[in-house]
Structures are given as C-alpha cells and as structure tokens.
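Protein chains: 2
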Amino acid sequence: MKTKECKIPEATIKRLSTYINCLERLQVENHPVISSELLGEYCQVSPAQIRKDLSYFGEFGVRGVGYDTKKLEAEIKEILGLNNNWPTCVVGVGKLGLALLNFALFRKHGFSITAAFDSDPAKVGTELSAGITIQPTTEIEQTVTGKKILIGIITTPADAAQKVAEQLVAGGIQGLLNFAPTKVKVPEEITLRNVSITSELDNLAYLMTQKRRRS
Amino acid sequence: MKTKECKIPEATIKRLSTYINCLERLQVENHPVISSELLGEYCQVSPAQIRKDLSYFGEFGVRGVGYDTKKLEAEIKEILGLNNNWPTCVVGVGKLGLALLNFALFRKHGFSITAAFDSDPAKVGTELSAGITIQPTTEIEQTVTGKKILIGIITTPADAAQKVAEQLVAGGIQGLLNFAPTKVKVPEEITLRNVSITSELDNLAYLMTQKRRRS
Numbered sequence: 076m077k078t079k080e081c082k083i084p085e086a087t088i089k090r091l092s093t094y095i096n097c098l099e100r101l102q103v104e105n106h107p108v109i110s111s112e113l114l115g116e117y118c119q120v121s122p123a124q125i126r127k128d129l130s131y132f133g134e135f136g137v138r139g140v141g142y143d144t145k146k147l148e149a150e151i152k153e154i155l156g157l158n159n160n161w162p163t164c165v166v167g168v169g170k171l172g173l174a175l176l177n178f179a180l181f182r183k184h185g186f187s188i189t190a191a192f193d194s195d196p197a198k199v200g201t202e203l204s205a206g207i208t209i210q211p212t213t214e215i216e217q218t219v220t221g222k223k224i225l226i227g228i229i230t231t232p233a234d235a236a237q238k239v240a241e242q243l244v245a246g247g248i249q250g251l252l253n254f255a256p257t258k259v260k261v262p263e264e265i266t267l268r269n270v271s272i273t274s275e276l277d278n279l280a281y282l283m284t285q286k287r288r289r290s
Numbered sequence: 076m077k078t079k080e081c082k083i084p085e086a087t088i089k090r091l092s093t094y095i096n097c098l099e100r101l102q103v104e105n106h107p108v109i110s111s112e113l114l115g116e117y118c119q120v121s122p123a124q125i126r127k128d129l130s131y132f133g134e135f136g137v138r139g140v141g142y143d144t145k146k147l148e149a150e151i152k153e154i155l156g157l158n159n160n161w162p163t164c165v166v167g168v169g170k171l172g173l174a175l176l177n178f179a180l181f182r183k184h185g186f187s188i189t190a191a192f193d194s195d196p197a198k199v200g201t202e203l204s205a206g207i208t209i210q211p212t213t214e215i216e217q218t219v220t221g222k223k224i225l226i227g228i229i230t231t232p233a234d235a236a237q238k239v240a241e242q243l244v245a246g247g248i249q250g251l252l253n254f255a256p257t258k259v260k261v262p263e264e265i266t267l268r269n270v271s272i273t274s275e276l277d278n279l280a281y282l283m284t285q286k287r288r289r290s
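For the record, the sequence lines run as chains A and B. First residue of the first sequence: 76, per our numbering; consecutive thereafter. First residue of the second sequence: 76, per our numbering; consecutive thereafter.
Calculated from the structure, these hints are not laboratory results. Be aware that a few hints might be false.
Unchecked claim - If you want a taste of the chain B side facing chain A, the calculated C-beta under 10 Å gives, among others:
hint, residue
1, V137
2, V140
3, T163
4, M283
What the hints assert, rightly or not - Stretch by stretch, here's where chain A covers chain B in the computed footprint (C-beta under 8 Å, at least three residues):
hint, segment
5, 92-99
6, 164-176
7, 181-195
8, 208-219
9, 253-262
10, 269-281
Just so it is clear, CB atoms sit at the ideal spot from N, CA and C, and this is done for glycine as well.
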C-alpha cells in the first residue's frame with residue numbers, strides 16, 4: 076500500500092476509524108460487498124467523502140461493484156497500524172479509567188490493556204473484570220518495561236498527570252493519550268494526544284450559541 | 076464583542092476551552108494579570124497562537140501588560156456561550172455515563188446535569204452522588220420538556236442510540252453529544268457532535284506507526 080507523500084487531515088483519520096466500525100457491522104449483517112453509497116449511508120458520510128478519504132492511501136474497491144467489506148476493513152486497519160497489537164495501560168482507575176478498561180472496541184482495534192495503576196492503596200490489589208489487578212503507581216516504570224507496554228492512557232486528576240507521564244516515559248512508553256484536564260510535557264519522540272471531553276461539550280455549546288445568534 | 080464573519084477553526088474552539096481551564100488555575104494561583112508568554116507556557120500553546128485564536132473575536136489584553144485573567148476567562152466563556160446555564164442530561168448510566176455525571180469541570184463550564192436515564196430496571200431509582208435519581212428511558216421526553224433540558228449526552232450501547240436520540244429530540248433537546256459507537260440521525264436544526272474515544276486511540280496508533288515507518 077503506497078501512501079501519498081502529503082499530510083493526511085486529522086478528520087480523515089477519524090473517519091477511517093468510523094469506517095472500521097461500520098465495516099465490522101456490515102460483515103455481521105452479512106454484506107460481503109458494499110457500494111460506496113451504502114457504506115456512506117451506514118457511516119453517515121457522503122460517498123464522495125469516502126472515496127476522497129481512501130484516495131490518500133491508494134486504490135480500493137472495484138468500480139461498479141463496490142468494496143469487499145472484510146478486505147477493506149483489513150486495509151484500513153493496516154493504514155492506521157491497527158494490525159499490530161498495541162499493549163496499553165491505564166493510569167488512574169477512577170470512573171473514566173474503569174469505563175476505558177471495559178471498552179470492548181479497544182480490543183477490536185488492536186489495543187490490549189495489560190496493566191492498570193492507581194495511587195489509592197484502597198484500590199491497589201483489586202482484580203478488575205478484565206482480569207487485570209490494579210497495581211500501585213510506584214510500579215509503573217518497571218511494569219511498562221517488563222510488559223513492553225507501548226501506549227499509556229492517563230485518567231488521573233490534573234495534578235498527578237505530569238509525574239505519571241514521566242514514569243510512563245521512563246518505562247519506555249511510545250504514545251500517550253491524556254484525559255487529565257491539564258497539559259503534560261513529554262520528550263519530542265513520544266506521541267502525545269490530549270483528549271478533553273469538556274471541550275467537546277464546549278464546542279457543542281458554541282455551535283448551539285452560534286445558531287441562536289443567527290436565528 | 077464582535078465576531079468576524081468567517082469560519083472559526085474547530086482547533087481554535089478547542090484551545091479556547093483549554094484557555095478557560097488555564098485561566099481558572101492562574102486565578103487560584105493568584106495571577107490577576109498574565110502575559111501571553113506565560114499563558115502560553117501554562118496552556119502549552121505558543122503566544123502567537125493564543126493571539127491568533129483571540130483575534131477571531133476582537134481585541135483582548137493590553138499591549139505590554141497582558142491579560143486580566145478573570146476578565147479574559149469571562150470573555151472566552153461569553154464567546155463560547157458558556158455564560159448561559161446549559162441544563163444537560165445523560166442517557167445510559169454505564170461506567171462512562173457515571174464518569175461524565177461526576178465531571179466537576181462540566182459545572183464550571185456552565186453545564187448542569189439535571190437528569191440521568193437508563194433502561195436497566197435494576198439501575199432505575201438509584202440515587203447518584205450528584206443528587207440525581209436514575210429515571211427509566213421511557214421518561215426521557217417528558218422530563219426533557221419539563222426541565223427544559225437543552226443538551227443530551229448519549230452514552231448507551233450502539234443499538235440503543237438512535238431511539239434515545241429520537242426521544243430526546245421529541246422532548247425538545249437542542250444539542251446532542253453522542254458517545255455511542257454509531258452514528259445517529261437527527262433533524263438538521265439539532266446540533267450534533269459524535270465523540271469517539273476509540274478513534275482518539277486509533278489516531279495515536281496511526282501517528283506512532285507513521286513515526287516508525289519514517290525511522
């Protein structure tokens with residue numbers, strides 16, 4: 076698969092992720108082949124947008140026939156790097172951490188959560204339904220190294236996030252998804268994404284406010 | 076406050092949301108005035124980016140002096156429409172729903188969660204720590220209307236999301252934040268944002284894979 080040498084828009088990557096979920100559902104519903112029109116309807120994306128998104132990465136599907144759902148799913152997973160197994164850990168087993176530990180979709184997308192950490196002695200030692208036992212945060216570095224964990228998900232309060240990030244990096248983590256409502260600093264070679272659920276709600280409020288002001 | 080008649084990038088709106096959190100922290104830490112350099116350091120955004128983001132909405136701060144942290148926070152909240160109170164409800168009180176019900180930042184940003192719904196009879200009637208009692212999903216429409224709820228957060232499984240969205244819309248909801256791993260269809264006048272936590276992780280994996288392929 077040849078990738079054109081240009082920057083792929085983040086929105087395209089986000090849609091590719093959606094396409095995977097739709098293609099999985101289509102296979103379950105016994106659609107081995109699908110037109111871009113029907114795929115568009117499933118994903119609520121225009122067929123033209125689907126073709127444009129895929130065109131960044133090469134040629135897919137057969138003109139006049141459509142896409143092989145199983146093959147296209149595998150191809151998109153290959154593009155995103157999801158055919159690898161990504162050993163992942165969660166630091167901060169509060170309500171959000173627990174929710175993420177139980178996300179069935181993570182495993183389907185190649186992320187296997189293999190460790191969970193919390194600083195609360197009352198939580199340490201608890202066996203989670205996922206078959207993982209909560210470890211103290213003092214064991215982060217050693218466990219990340221030992222289990223060759225590549226991705227760390229931070230769901231701690233804001234004031235704990237930076238220290239946790241440093242412990243993960245010391246253990247050899249390569250990517251961080253930070254849900255703590257603060258920015259963390261990590262060396263340049265670490266891939267970092269900050270996720271703010273509050274900012275999603277803020278954005279919704281902004282769009283609603285704009286609509287009101289227009290009407 | 077005059078808004079320039081141009082499309083504001085989504086990334087700008089996202090950063091404005093971050094600035095609010097930083098400005099709140101700065102006030103707690105007793106900084107009544109701050110330079111764009113220091114604000115940039117707090118938010119991990121370049122001072123030039125901060126100035127550019129704010130320039131969409133008018134003139135802020137005093138050249139050579141900086142920003143009044145309290146005033147700028149209020150101004151950004153005004154831009155985003157967060158000075159309104161946004162009555163909000165959560166449908167689907169699983170682990171993610173519970174996490175969102177307890178997000179302290181939501182209230183700080185103007186979102187007050189005033190109802191929670193679940194279809195599980197075992198959960199209905201449970202009083203949540205937030206002082207809200209879980210209601211059955213059959214009461215969505217009536218409660219949304221009665222409490223004048225404007226925003227609905229959907230954290231149900233995929234197969235329940237469309238029906239829940241329709242019930243919320245029937246009740247008079249104006250905005251929807253959908254966390255269910257499927258798209259929902261709503262009338263055009265409803266503001267809808269789909270949030271996919273899995274796609275954030277997919278994007279991280281993609282960026283890490285790109286780095287690997289380059290090195």
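Hints and how they fare:
1. Taken as an interface hint, V137 of chain B does not check out: its beta carbon lies about 26 Å from the nearest beta carbon of chain A, beyond 10 Å.
2. Evaluation of the V140 of chain B hint against chain A yields a violated restraint, the C-beta minimum of about 25 Å exceeding 10 Å.
3. With 10 Å as the threshold, the beta carbon of T163 of chain B comes within range of chain A, its nearest partner Cβ sitting at about 8 Å, so the hint holds.
4. The beta carbon of M283 of chain B comes within 5 Å of a beta carbon in chain A, closer than 10 Å, and the hint placing it at the interface holds.
5. Evaluation of the coverage hint for the segment 92-99 of chain B: fulfilled, as 4 residues show C-beta separations to chain A shorter than 8 Å, against a requirement of three.
6. Counting residues of the segment 164-176 of chain B whose CB lies closer than 8 Å to any CB of chain A gives 6, so the stated coverage by that chain holds, three being the minimum.
7. Under the rule that three or more residues need a Cβ within less than 8 Å of chain A, the assignment of the segment 181-195 of chain B holds, with 4 such residues.
8. Closer than 8 Å: that is the beta-carbon criterion, and the segment 208-219 of chain B has 0 residues meeting it against chain A, so the requirement of 3 is violated.
9. Here's how the segment 253-262 of chain B fares: 4 of its residues keep a CB closer than 8 Å to some CB of chain A, so the rule of at least three is met and the hint holds.
10. Under a criterion of three residues with beta carbons nearer than 8 Å to beta carbons of chain A, the stated coverage of the segment 269-281 of chain B is upheld, 12 such residues being counted.
The structure shown violates the earlier hints numbered 1, 2, 8.
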